[in-house]
Amino acid sequence: MASLLQPPGLSQLRGPVAQAGDPETLQTLVDDFTAHNLFKALVAIAIAWLLVWGIQHATNWISERVPRRYRLLTKQSLPFLKGLILLTVIAYLVNLFVNLSQQNLLALTGTMAVALGFAFKDYVTSVIAGTVALFEAPYRVGDRVTIGDHYGEVVSYGLRGIRLQTFDDNTVTIPHSKTWTEAISNANSGHLEAQVATDFYFDHHVDMETVLQILYEAAYSSRYTQLKLPVTVVVEEKPWGTHFRLKAYPMDARDEPAYRTDLIRRAKQAFAQEKLPYPHLPVQDQLSQTPHV
Amino acid sequence: MTAVLGDSATAHTLTGHQSVQWEKPRQLSMASIQVRSAYNRLISWFSEAHPTPPDEALHGLPPAWTLEIQQATQSLGCPTDYVDAIRQALTEAVERWQRHPDAANSLVVLGSPIENLESVFHACFQDWASPVEQVMHPISWSRRPNREYGIAQPIQAALVKRSAAAAAQEETKTSPLDRRHTLVVIPQLHQGFLRCIRGWRSIEWLRDAVGQSGNYFWLIGCNTWAWAFLDRVCSIGAYFNPVISLPPLSAESLERWLQPLLVPTADDAAAPVIPDSYWSNLAGVGISSAIALALWQKSLRVKAADLPDEQQEQPDLRPPTVPLHLTTPVLPNLPSLSAAEHYLLQSLLLHGGMSRPQLVDSLGEAVGVVRSHIHQLRRAGIIQQERDWLSIAPAHYPRLRSELSQNTFLVGDD
Numbered sequence: 001m002a003s004l005l006q007p008p009g010l011s012q013l014r015g016p017v018a019q020a021g022d023p024e025t026l027q028t029l030v031d032d033f034t035a036h037n038l039f040k041a042l043v044a045i046a047i048a049w050l051l052v053w054g055i056q057h058a059t060n061w062i063s064e065r066v067p068r069r070y071r072l073l074t075k076q077s078l079p080f081l082k083g084l085i086l087l088t089v090i091a092y093l094v095n096l097f098v099n100l101s102q103q104n105l106l107a108l109t110g111t112m113a114v115a116l117g118f119a120f121k122d123y124v125t126s127v128i129a130g131t132v133a134l135f136e137a138p139y140r141v142g143d144r145v146t147i148g149d150h151y152g153e154v155v156s157y158g159l160r161g162i163r164l165q166t167f168d169d170n171t172v173t174i175p176h177s178k179t180w181t182e183a184i185s186n187a188n189s190g191h192l193e194a195q196v197a198t199d200f201y202f203d204h205h206v207d208m209e210t211v212l213q214i215l216y217e218a219a220y221s222s223r224y225t226q227l228k229l230p231v232t233v234v235v236e237e238k239p240w241g242t243h244f245r246l247k248a249y250p251m252d253a254r255d256e257p258a259y260r261t262d263l264i265r266r267a268k269q270a271f272a273q274e275k276l277p278y279p280h281l282p283v284q285d286q287l288s289q290t291p292h293v
Numbered sequence: 001m002t003a004v005l006g007d008s009a010t011a012h013t014l015t016g017h018q019s020v021q022w023e024k025p026r027q028l029s030m031a032s033i034q035v036r037s038a039y040n041r042l043i044s045w046f047s048e049a050h051p052t053p054p055d056e057a058l059h060g061l062p063p064a065w066t067l068e069i070q071q072a073t074q075s076l077g078c079p080t081d082y083v084d085a086i087r088q089a090l091t092e093a094v095e096r097w098q099r100h101p102d103a104a105n106s107l108v109v110l111g112s113p114i115e116n117l118e119s120v121f122h123a124c125f126q127d128w129a130s131p132v133e134q135v136m137h138p139i140s141w142s143r144r145p146n147r148e149y150g151i152a153q154p155i156q157a158a159l160v161k162r163s164a165a166a167a168a169q170e171e172t173k174t175s176p177l178d179r180r181h182t183l184v185v186i187p188q189l190h191q192g193f194l195r196c197i198r199g200w201r202s203i204e205w206l207r208d209a210v211g212q213s214g215n216y217f218w219l220i221g222c223n224t225w226a227w228a229f230l231d232r233v234c235s236i237g238a239y240f241n242p243v244i245s246l247p248p249l250s251a252e253s254l255e256r257w258l259q260p261l262l263v264p265t266a267d268d269a270a271a272p273v274i275p276d277s278y279w280s281n282l283a284g285v286g287i288s289s290a291i292a293l294a295l296w297q298k299s300l301r302v303k304a305a306d307l308p309d310e311q312q313e314q315p316d317l318r319p320p321t322v323p324l325h326l327t328t329p330v331l332p333n334l335p336s337l338s339a340a341e342h343y344l345l346q347s348l349l350l351h352g353g354m355s356r357p358q359l360v361d362s363l364g365e366a367v368g369v370v371r372s373h374i375h376q377l378r379r380a381g382i383i384q385q386e387r388d389w390l391s392i393a394p395a396h397y398p399r400l401r402s403e404l405s406q407n408t409f410l411v412g413d414d
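Chains A and B, in that order, give the protein sequences. With full-length UniProt numbering as the guide, the letters of the first sequence map in order to residues 1 to 293. With full-length UniProt numbering as the guide, the letters of the second sequence map in order to residues 1 to 414.
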């Protein structure tokens, strides 16, 4: 009964860790650590590095040249290909140097668990999170995501983290481990189009029909608009005015800043011609009513 | 496929000046045409330019000859298949409208953006046994209607003018069906709007006006891209019925249509005719008459020995009678196009051609930027300019359509 109350696995770990420290066991664990094998390992690593480099560049090159419809599809294959290469080369190296008997495997994993637990905990957490994220796909290469305070396009999917390209052309590296703790907002989820919401504000007395017509025409007349997807306008009343939110999709999510600018420019030209009243903030009214001293 | 194809077999005279000599083609089956079509589609996915291998034996025509051939093709008219299809549909629709009070009072004819629907409509009304007494053309399409008023103002003015004159005569007619004898023709609806704010309000007016004016029958022509766009922005498709498309041209139709340009010479009268594969090949790559004509012109070649000296090559000199050779017609390759150029080309296809200021208005882009793109596209031969009018070169249309479609643009259903 006493042995059943012990934490499971502890007794199992104790043995292999002790064995890993035993010189005789180490000789059987490490298999043929020779100059020839070392050379083969270096060649394998070099080939893997070249393959990863080549695939990364080829994928980027192809994705920027194929029609827009296939761009994300091409880019999304990159993490899988990189993972495949890394897995293959790791398996090769382990097979080259380690004698993987059942006992040695236990010893090795036990040793690694202890070492990684203390030294590389965060790194391993990110690697595992990245592997999980590969299947759960909260973000993919080419998606426009918001993680924390950062919004941008996922341009790279690495072993430890992703890289976001923001509107300000900054590159932000975010570890995969954020997927455990942070909310991730994905604007397009693997699609080429991402909805863009543009806000407009008017006085309570504005002619709603005129504003709605201009906003719909602004969206449909913009060259960036994906005409195959719907355009909608949502109206909300605020204490200080009426809030119109124009929701439409650009053909390419990358065009989001240019698209929003184009919509605002077109709409404001028409608003000016119609002389539509903009809202007055209460503080402005108070200031205008204050008598000059 | 533009390579020299073997021994010459026959000779024809082109408009009395040059003779067209057929170079015997490889035996082309329908399967090989389909394979080539699939290959072309695959290539068009990538916008990289692939240079056509130079033809060693045959050369392109000198500019003076090309100009003369273009002038000859202008007198060709439009294919009879187009005229027959429109006449038949129009006669049936008008007669139905004149017999049934609730029948539709419109017919829409769709064509590709590089097709000149005005000239097709013009050909339809020549020698037509019209079931209506009056055919009205309220708008002159020599230039695009005013942006602010669009097509609403001239149509309203023409209908008011006509009503005043016809009101006295119609007062005596008791049956509403007896008043149905006026046909209003709008051959280029795509010229009646501009993609900008307030740019298609006159189309919305027309859409409502057609439904309310049961005493008029409306024949409307529009390119497929503009129709798809207008259907998205103002649901125009729900208001018009029936809608027909220009029929695809068969090999026989193309041969019959282009035959006036291919007159056999006396010494070659007994020579075999041009093989059907040429025409079937032309029909396979060209979806409309404008494309087929452009490809036919591009397939004309001349042997180096028959080329005139440089001194003789002047526009005012009539070229000597030399045999011209027909090579297999192929679609020209597209160069690599940027996203900005895609937007510009889509705008031109949507409106079926326009001037530079209108293009700038439509794109909402800086004048200088638009001008530089136009310059590059004209140099690549994709855009053609006649006076201040910009349009797409017909031979480039099929691949351009495919490329824009692959880049998720809303394209017309040709």
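Don't read these hints as lab results, they were simulated from the structure. Check the hints yourself; a few may be wrong.
Stated by the list, open to error - Derived CB-CB ranges, DEER-like:
| # | chain 1 | residue 1 | chain 2 | residue 2 | range |
| --- | --- | --- | --- | --- | --- |
| 1 | B | Pro248 | A | Ala46 | 51 to 61 Å |
| 2 | A | Asp169 | B | Val160 | 40 to 50 Å |
| 3 | A | His57 | B | Val369 | 49 to 59 Å |
| 4 | A | Trp240 | B | Gly381 | 26 to 36 Å |
| 5 | A | Gln273 | B | Ser250 | 43 to 53 Å |
| 6 | B | Pro335 | A | Thr261 | 24 to 34 Å |
| 7 | A | Thr261 | B | Asn241 | 36 to 46 Å |
| 8 | B | Gln153 | A | Tyr278 | 39 to 49 Å |
| 9 | B | His100 | A | Trp240 | 35 to 45 Å |
| 10 | B | Ser175 | A | Val234 | 19 to 29 Å |
| 11 | A | Thr171 | B | Ala340 | 33 to 43 Å |
Said to hold, decoys possible - Cβ-to-Cβ under 7 Å is the rule here; a few derived chain B residues that face chain A:
| # | residue |
| --- | --- |
| 12 | Cys196 |
| 13 | Arg232 |
| 14 | Ser235 |
| 15 | Leu300 |
| 16 | Lys303 |
| 17 | Leu363 |
| 18 | Ala366 |
| 19 | Gln406 |
| 20 | Thr408 |
Positions of the beta carbon are idealized from the N, C-alpha and C atoms, including for glycine.
Quick rundown of the hints versus the structure:
| no. | hint | result |
| --- | --- | --- |
| 1 | B:Pro248 / A:Ala46: 51 to 61 Å | holds (57 Å) |
| 2 | A:Asp169 / B:Val160: 40 to 50 Å | violated (59 Å) |
| 3 | A:His57 / B:Val369: 49 to 59 Å | violated (30 Å) |
| 4 | A:Trp240 / B:Gly381: 26 to 36 Å | violated (57 Å) |
| 5 | A:Gln273 / B:Ser250: 43 to 53 Å | holds (52 Å) |
| 6 | B:Pro335 / A:Thr261: 24 to 34 Å | holds (29 Å) |
| 7 | A:Thr261 / B:Asn241: 36 to 46 Å | holds (40 Å) |
| 8 | B:Gln153 / A:Tyr278: 39 to 49 Å | violated (32 Å) |
| 9 | B:His100 / A:Trp240: 35 to 45 Å | violated (58 Å) |
| 10 | B:Ser175 / A:Val234: 19 to 29 Å | violated (51 Å) |
| 11 | A:Thr171 / B:Ala340: 33 to 43 Å | violated (25 Å) |
| 12 | Cys196 | holds (5 Å) |
| 13 | Arg232 | holds (5 Å) |
| 14 | Ser235 | violated (12 Å) |
| 15 | Leu300 | violated (33 Å) |
| 16 | Lys303 | violated (39 Å) |
| 17 | Leu363 | holds (6 Å) |
| 18 | Ala366 | violated (12 Å) |
| 19 | Gln406 | holds (3 Å) |
| 20 | Thr408 | holds (5 Å) |
In this structure, the hints that do not hold are numbers 2, 3, 4, 8, 9, 10, 11, 14, 15, 16, 18, in rising order.
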